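Undergrad: Residue numbers (my numbering), protein chains in the order written: chain A, 1 to 274; chain B, 275 to 689.
What the hints contain is simulated information worked out from the structure, not anything from laboratory work.
Quick caveat: nothing in here was measured; it's all calculated off a predicted structure.
Just so you know, even glycine gets a beta-carbon here, dropped at the ideal spot from N, CA and C.
One or more of the hints may lead you astray.
[Stated by the list, open to error] Listed below are the simulated DSS-like cross-link pairs for lysine-lysine, each with C-alpha atoms no more than 25 Å apart in a straight line:
id: 1; chain 1: A; residue 1: Lys39; chain 2: B; residue 2: Lys423
id: 2; chain 1: B; residue 1: Lys416; chain 2: B; residue 2: Lys461
id: 3; chain 1: A; residue 1: Lys39; chain 2: B; residue 2: Lys355
id: 4; chain 1: B; residue 1: Lys461; chain 2: A; residue 2: Lys264
id: 5; chain 1: B; residue 1: Lys416; chain 2: A; residue 2: Lys39
[Said to hold, decoys possible] Covered by chain B, according to a simulated footprint, are these stretches of chain A (three or more residues, beta-carbon under 8 Å):
id: 6; stretch: 37 to 51
id: 7; stretch: 115 to 127
[As the list claims (entries may be wrong)] Reference listing, derived: stretches of chain A covered by chain B, where coverage requires no fewer than 3 residues with Cβ under 8 Å from a Cβ of chain B:
id: 8; stretch: 5 to 12
id: 9; stretch: 64 to 74
id: 10; stretch: 234 to 243
Listed below, chain by chain, are the residues.
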Amino acid sequence: MEESQIVRIKPPGSLITLDFAEIWAYRELLYFLTWRDVKIRYKQTAIGVLWAVLQPVLTTAIFTVLFSTFARFNTENVPYSLFALSGLIIWLFVHSAISMASNSFVNHANLVTKVYFPRLIVPLAATFAGVFDFIFSFAILIIMMIYYGLAMTWQIALVPFFLFLAILQTAAFGTLFSALNVRFRDVKFALPFLLQVWMIASPIFYPANLLPGKWRLVFAMNPLTGILEGFRSALFGAPFDWPVIAVSSISALALALFALYVFKRMEDKFADMI
Amino acid sequence: MQVIRVENLSKLYFLGEGQPYSLRELISGFFQRSEPRSRTQDHWALHEVNFQVEEGETLGIIGHNGAGKSTLLKILSRITKPSSGSVEIRGRVGSLLEVGTGFHNELSGRENIYLNGAILGMKRAEIQKKFDEIVAFSEIEKFLDTPVKHYSTGMYMRLAFSVAAHLDPEVLIVDEVLAVGDVGFQKKCLRKMRDVGESGRTIIFVSHDMQAITRLCSRVIWLKDGELQRDGESKQILGEYLHEQSRTSAEKTWGILEQAPGDEIARLRGVRVYDENGQTASSVDIRRPVNIEVRYDILESGKVIIPNCHFYNEQGICIFISHDWNGGWRHRPRSKGSYTSTVRIPGNFLAAGTVIVTAAASTYEPFTVHFMERDVVAFNVNDSTENDSARGDYTGVLPGVVRPVLDWQTEINSN
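Chain A extracted, bound-state conformation (with noise of 0.2 Å):
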């Protein structure tokens, strides 16, 4: 137990500050609040984790049979069902972390409302969570590898970075809806609407070089963008396109920092609000 330390409660200032030793601090409660997300996701299912193989599994089937038969994408030396699974791990991850994430506060108001913690770990923690689902998924994929037996090279090792771009963006995402929930209950009906369309806008089941070549860097902006050609360049072997990726990089950071910004704005008043 920490001796004495001394709290000091004062209003809200207009100085923004983000207490990282506070969070570390509060990890454990990080570490528990992500492990009851996953724990009761699947509670009450018969399949149980299995959907987190599942869904991408299926939808990798249908966008295989629709697009190798209505339009056949130039995917270079990597079979279509492989490309397609590469990037649905990556946006399912996204889409139902975020989903998860926005709802996170709205769903725990009493914890809000009754127990002092540093915020920002309830996004965070549903953020993890999803996680959680994507490794079950991302191991289908490695195992689709060996049986098509794709040759893995060096670029492998960079994957983690990528990854971890994704998580950065989707927590940073995740963060900002969870906190403009708390105010405006119009998130409900506005999310899954724009997910819809950044699905459509990111190359997902389409390669990124299908992207007329002047317009690449502005759609770079969008960081799902660079994030799946990195992460499909360094599982499949292929050059990678460093000016997507750094603008991509870019806009995810710059994300998390306007992210940050406004759910430190308002989390002083998440109590009274919720």
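Go by the hints and put chain B onto chain A.
TA: Using the frame of chain A, we list chain B on its own:
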């Protein structure tokens, strides 16, 4: 050593804030450039509150509902921020504004202990160390691995409180969490809290249970309308508080006829709430009847005058209105003089909480209101923890404006 220092603490709420409103309203408000919210809509939940707490002190906070107790606890627990002023707390703070915060029905008792412990700010190692103690205290050993949704309310509350009771902070902030739960376990919790107090911890305790306050607290702070009314030795302050409560709420009289509310036909002279023993009572047991006595003068003979009482709860909801229909003067013109009308509300009828009374007298033909005094008296209906009220064995929150004891019949149709 001073552990808590509260300086000029204020919290302002704007009426209407607190409700999440939609984007559309915000945008339309922006374009309309509507007037800034009028000052009458501001509400000081706390206003310029100052006090200090010494190490090892057990401080009770009392006051009517809406006096600012919850707001003060929320600020001390860092759940909400003050509008101005400051608080300084030395040491680790544990706050207990609700038991079982974060409990999840699908998780087992064991899992909920860890989860709830973490939410209350305990480290995992700390929970592990105290785990057996927590389980023993809660008396639910056998059901440790059963999801808590299969627990009875009593078991659920016991488990939830056991985790909380093993919090080991330097400063413990407790809201009225003991209001529910069986009496035996409540006593055990109070004992546990007293032990905590005696081990040199500082405790801040809010309760409507004056007995618990007297037993636990040496010093009491009385909040009234967001301001600190009194601060001092608990017996003294509690005495004053109870006195004021009984004086302002259970009885009201007008000594001078000219100042009494009413018209040239009838004037209200006094209203009193009394229990079945005839004692003026600001609070009654939910199972016992309560009487409202209205005294008034009739100043003009020849009119049929019907006294009536309107009953409201704290949320301003009209519980019911009762007119004198069988008091003997329903069709009988009154002669000049002083009258007393009494209405008796049976026990096991009102819901627990504060009941606010409006006293009135009217003539029906033509319809005229002679006097109508709003919020003239009020009384508290105290919930019962015995099993003979409408609550039965249920210990949770029981909403509703009335709580009659009704007859139930259950028959088995087949098996």
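Undergrad: None of the hints should be skipped; say for each whether it holds.
TA: The hints, checked one at a time:
1. A/Lys39 <-> B/Lys423: holds (15 Å)
2. B/Lys416 <-> B/Lys461: holds (23 Å)
3. A/Lys39 <-> B/Lys355: Given pair A/Lys39, B/Lys355 is violated - Cα atoms ~33 Å apart, limit 25 Å.
4. B/Lys461 <-> A/Lys264: Roughly 42 Å between the alpha carbons, so the hint for B/Lys461 and A/Lys264 is violated.
5. B/Lys416 <-> A/Lys39: It holds: about 22 Å lies between the C-alpha atoms, which stays within 25 Å.
6. 37 to 51: holds (count 4)
7. 115 to 127: Our answer is that it holds, as 3 residues pass the Cβ test (under 8 Å) against chain B, meeting three.
8. 5 to 12: holds (count 8)
9. 64 to 74: n = 0 at 8 Å, threshold three: violated.
10. 234 to 243: Contact hint for the stretch 234 to 243 of chain A vs chain B: violated, 0 residues under 8 Å.
Consistency note: the structure conflicts with the earlier hints numbered 3, 4, 9, 10.
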